[in-house]
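Peer 1: Let's have the full structure, built from the sequences with the hints guiding it.
Number of protein chains: 2
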Amino acid sequence: MLTLTLSNEDNVAVARTALAKDVLLPEHRGLACRSDVPQFHKVAIKSIAKGQPVIKYRQVIGVALTDIAAGEHVHDHNCGMTDERIAPATKAKTAELPPDIETSFEGYLRADGEVGTRNYVGIITTVNCSASVAKAIEQYYSQAEVAGRYPNVDGVIAITHGSGCGMNKGEGYELLMRVCAGMSQHPNFGGVMLIGLGCEVLQLSALLDALPDDVRKRSNTLVIQEQGGTRATIEAGIEKMAVLCEVSNTLSRTPQPVSKLRVGLQCGGSDALSGITANPALGRAMDILTSLGGTAILSETPELYGAEQMLRARAASDEVADKLNDRLAWWREYAGKNGAQLDNNPSPGNKAGGLTTILEKSLGAQAKGGTSTMTDVVAYAQLIRKSGLVIMDSPGYDPVSVTGQMASGANLICFTTGRGSVYGSRPAPSIKLATNTPMYEKMTLDMDYNCGEIFDGEISLEDAAVEIYRTIVRVASGEKTKSELHGIGALEFLPWPVGAVL
Amino acid sequence: MLTLTLSNEDNVAVARTALAKDVLLPEHRGLACRSDVPQFHKVAIKSIAKGQPVIKYRQVIGVALTDIAAGEHVHDHNCGMTDERIAPATKAKTAELPPDIETSFEGYLRADGEVGTRNYVGIITTVNCSASVAKAIEQYYSQAEVAGRYPNVDGVIAITHGSGCGMNKGEGYELLMRVCAGMSQHPNFGGVMLIGLGCEVLQLSALLDALPDDVRKRSNTLVIQEQGGTRATIEAGIEKMAVLCEVSNTLSRTPQPVSKLRVGLQCGGSDALSGITANPALGRAMDILTSLGGTAILSETPELYGAEQMLRARAASDEVADKLNDRLAWWREYAGKNGAQLDNNPSPGNKAGGLTTILEKSLGAQAKGGTSTMTDVVAYAQLIRKSGLVIMDSPGYDPVSVTGQMASGANLICFTTGRGSVYGSRPAPSIKLATNTPMYEKMTLDMDYNCGEIFDGEISLEDAAVEIYRTIVRVASGEKTKSELHGIGALEFLPWPVGAVL
Ligand SMILES: [Ca+2]
Ligand SMILES: [Ca+2]
Ligand SMILES: [Ca+2]
Ligand SMILES: [Ca+2]
Ligand SMILES: [Ca+2]
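Respectively, the protein sequence lines represent chains A and B.
Just so you know, we're using my numbering here: the first sequence kicks off at 5 and counts up by one.
Just so you know, we're using my numbering here: the second sequence kicks off at 5 and counts up by one.
Among the hints, a few may not be true.
Copies of one chain are not kept apart here, so a pair can be met inside one copy or by any two copies together.
Taking lysine to aspartate or glutamate and the EDC-like style, the derived pairs with C-alpha atoms no more than 20 Å apart in a straight line are [as the list claims (entries may be wrong)]:
| # | residue 1 | residue 2 |
| --- | --- | --- |
| 1 | K355 | D80 |
| 2 | K341 | E175 |
| 3 | K173 | D80 |
| 4 | K50 | D80 |
| 5 | K341 | E466 |
| 6 | K50 | E31 |
It should be emphasised that the hints constitute simulated quantities derived from the structure, not laboratory data.
Peer 2: See the structure below:
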């Protein structure tokens with residue numbers, strides 16, 4: 005078959021290969037293409053009158069801007085945004101577990117009951133001004149001879165960012181404080197050192213106040229202006245760090261239930277296959293995880309716009325559904341006052357990949373969350389303490405979104421990509437799932453799993469989901485991801501910059 | 005004398021040392037302190053009735069919130085914001101040049117007539133997604149054996165940032181494009197490589213379109229998704245970089261007029277001495293530089309609030325004065341819609357250092373610009389092509405402001421600090437000027453010059469200005485700054501994040 009049709013109510017189909025004008029589509033009673041259709045783009049399989057909805061996934065993905073004849077390429081030249089929605093028939097489902105599925109992984113049990121998938125020592129910075137000092141301490145401990153003293157430690161890593169001063173104490177300050185507090189107690193850290201400059205807006209003492217007692221007690225702190233500058237702080241940091249590394253080096257992996265996994269879900273560089281292959285397969289893997297008591301974190305709020313009805317229909321309560329509404333309302337205001345539009349979120353790469361509207365992107369994006377009950381909705385970087393499918397509010401932009409997910413407690417990230425992202429995160433490792441085989445074959449060294457084989461007919465979606473779940477368990481137990489092998493993640497830690505920079 | 009009085013119209017004086025309650029001030033006819041006054045904080049030397057202006061530098065720095073008796077500590081408990089201003093008596097002045105002042109430095113003359121103070125090779129990234137690849141190429145070329153092949157090259161440096169996608173094409177996009185375009189043609193780069201991912205909003209092809217022909221022609225470009233991923237791009241980048249390094253290695257310093265210097269002015273971690281020692285001394289050094297045809301860049305627009313009348317009075321034309329008004333109006337809107345206040349800009353460190361209001365901070369801050377004619381007002385990261393004193397709009401936040409100054413063409417930064425900043429920038433080196441001796445003595449290894457000696461009575465402001473000017477000439481000619489010796493600057497490159505992150 006030259007095309008893939010996702011439901012019998014759809015009036016567009018997806019081109020499996022590039023279709024030239026006049027090519028006949030036998031699966032659609034010999035319909036002839038009226039224009040060239042690039043691979044993975046949409047072709048109309050019924051005529052759609054101007055103003056009528058364009059239907060894919062049994063949902064509205066846009067409205068015809070002109071009369072569209074059957075056989076025409078459907079994209080942003082003839083398909084635009086609409087407010088029309090179709091209420092979903094599906095409610096929350098409980099997944100049936102595959103036989104012999106793993107229910108535990110090898111993790112680091114922390115004092116507070118949280119479990120790490122890695123055993124790093126972290127250096128948390130309250131402000132950009134302490135970033136270079138933190139980095140210098142990281143570099144000292146990255147030397148082979150020094151790192152070799154602590155074989156059970158995955159590394160000393162500086163968590164640096166670009167903010168912490170030049171700001172008022174408003175929404176942006178609170179957000180950054182949550183990020184710093186969340187990272188300071190991240191389960192993938194065996195210990196943390198906190199470093200400030202001294203005169204910044206986000207004061208180290210305020211961060212300490214925001215931490216639980218046990219974390220505060222086991223944290224080392226340094227203030228550059230008190231130490232007497234760059235060199236003195238680096239020297240003091242190197243000395244104090246040895247104790248944190250020694251303690252962390254005594255820890256080892258033990259069997260832990262998968263209910264201790266919190267998986268941050270992400271897509272980046274989406275294409276038209278994201279919603280057909282990688283996202284639904286990842287969603288099914290999340291159904292397995294949440295059935296076993298684990299947590300799936302769906303974020304990228306602007307990419308839920310147009311799919312919110314799917315999530316609200318399976319909220320644990322009206323309160324949870326209302327929280328989602330509140331966040332979407334916040335986003336409309338945030339976008340509006342910044343002169344931005346939520347409905348033209350698809351990036352140039354998304355569009356080239358065949359995604360026409362944010363509705364189409366969103367319907368594909370929400371599939372990552374699976375079909376279980378939406379148990380909670382939390383703010384960016386807010387600690388997640390409920391299991392099941394939780395929404396953590398964030399932009400769609402990958403590094404900013406994953407940073408919030410890690411600060412909220414994600415100890416693993418699953419990242420689907422169509423155009424070929426080379427993203428990586430730390431301290432939580434990031435598994436990259438390719439949506440299509442051509443990209444996978446071109447960028448194999450960056451991809452952890454090829455979901456394109458679902459589209460190729462080489463594996464069922466169900467079997468791919470089990471493969472993804474098993475990859476999660478292996479990576480959580482210590483297997484390195486491609487991005488970890490490349491050493492990516494230091495420059496990708498990016499707290500969401502909200503509010504005025506002064 | 006226990007206090008310093010800046011003009012005979014002032015009703016407050018600055019405490020030279022911490023003053024205990026009941027201490028007598030002989031220089032004010034035996035006035036007794038009515039409360040403890042911390043060092044560098046203000047003491048009332050006349051009684052100030054509630055609602056009356058508090059005067060320092062012959063200007064309004066605030067309004068009395070209560071009746072203030074002579075001898076009382078004046079700070080944010082009894083002094084608040086006001087809209088009152090005193091029109092300045094001073095117009096633009098042309099500086100008298102000190103005898104035997106240097107009129108040239110040793111710099112790198114580029115093909116376009118611009119002159120570098122350093123000879124780096126740059127790697128410009130269009131998006132965060134290409135940051136790690138750029139860093140890996142930098143790291144390869146940082147190895148002693150590789151760097152050793154290019155003794156005339158100061159290093160290969162990756163210019164990475166956190167944006168480039170997850171955004172609409174609005175104000176924030178245009179700003180980031182200016183930053184990328186400005187850095188691509190920075191005179192401190194002998195050559196540049198441009199690296200993108202492929203699917204991002206800020207496309208490499210659009211950046212190339214924004215560059216002058218000669219820069220575009222001598223730039224190498226790489227797109228990760230075209231190359232086939234992380235490893236392939238790093239390998240291709242390492243190979244292509246050799247050519248850039250070889251070409252840059254053929255260049256050497258030659259005598260160049262100081263008119264080719266563009267100095268970005270900055271304060272960070274200001275205290276009450278900033279406006280008394282380092283800033284006016286730096287301003288006098290800028291008067292020398294601009295008299296010789298060089299350029300001084302004053303920025304930190306929120307810290308001009310309250311001192312705008314001083315600048316408008318010496319604008320080259322009404323158009324230039326209007327441009328400043330326009331930027332201040334933009335700032336009021338930006339702060340307002342983000343729920344921020346321009347008038348509480350002083351950070352905790354500023355306040356601890358004795359700065360009470362933004363007016364007081366601003367009056368001290370604008371002194372960095374000297375007393376010459378304000379020749380132009382440009383947007384953040386907009387290329388500066390006029391000489392003299394130019395305002396480049398930016399936040400006060402150091403790394404964000406300096407990033408814009410460098411993108412606008414600053415080939416050197418002068419940074420005054422009271423609390424003790426450990427800031428550094430690259431590719432433009434950053435000279436740090438301490439405002440007070442206690443901080444200088446504590447953080448000597450981070451400070452390039454101690455302006456505290458002006459306050460101590462060990463050097464005149466005039467002589468300190470000449471010392472600063474000579475330090476600028478030496479550093480422009482290759483002498484390393486303290487922050488360069490510490491290797492600071494990679495994590496401090498921060499384009500201003502304006503607009504919604506989507
Ligand atoms: Ca994303
Ligand atoms: Ca295959
Ligand atoms: Ca060299
Ligand atoms: Ca500043
Ligand atoms: Ca001295």
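Peer 1: Run every hint past the structure and note whether it holds.
Peer 2: Structure-based check of each hint:
no. : hint        : in the structure
1   : K355 - D80  : within (8 Å within a copy, 54 Å between copies)
2   : K341 - E175 : both (15 Å within a copy, 12 Å between copies)
3   : K173 - D80  : between (42 Å within a copy, 17 Å between copies)
4   : K50 - D80   : within (18 Å within a copy, 71 Å between copies)
5   : K341 - E466 : neither (43 Å within a copy, 48 Å between copies)
6   : K50 - E31   : within (13 Å within a copy, 93 Å between copies)
Of the numbered hints listed earlier, the single one contradicted by the structure is hint 5.
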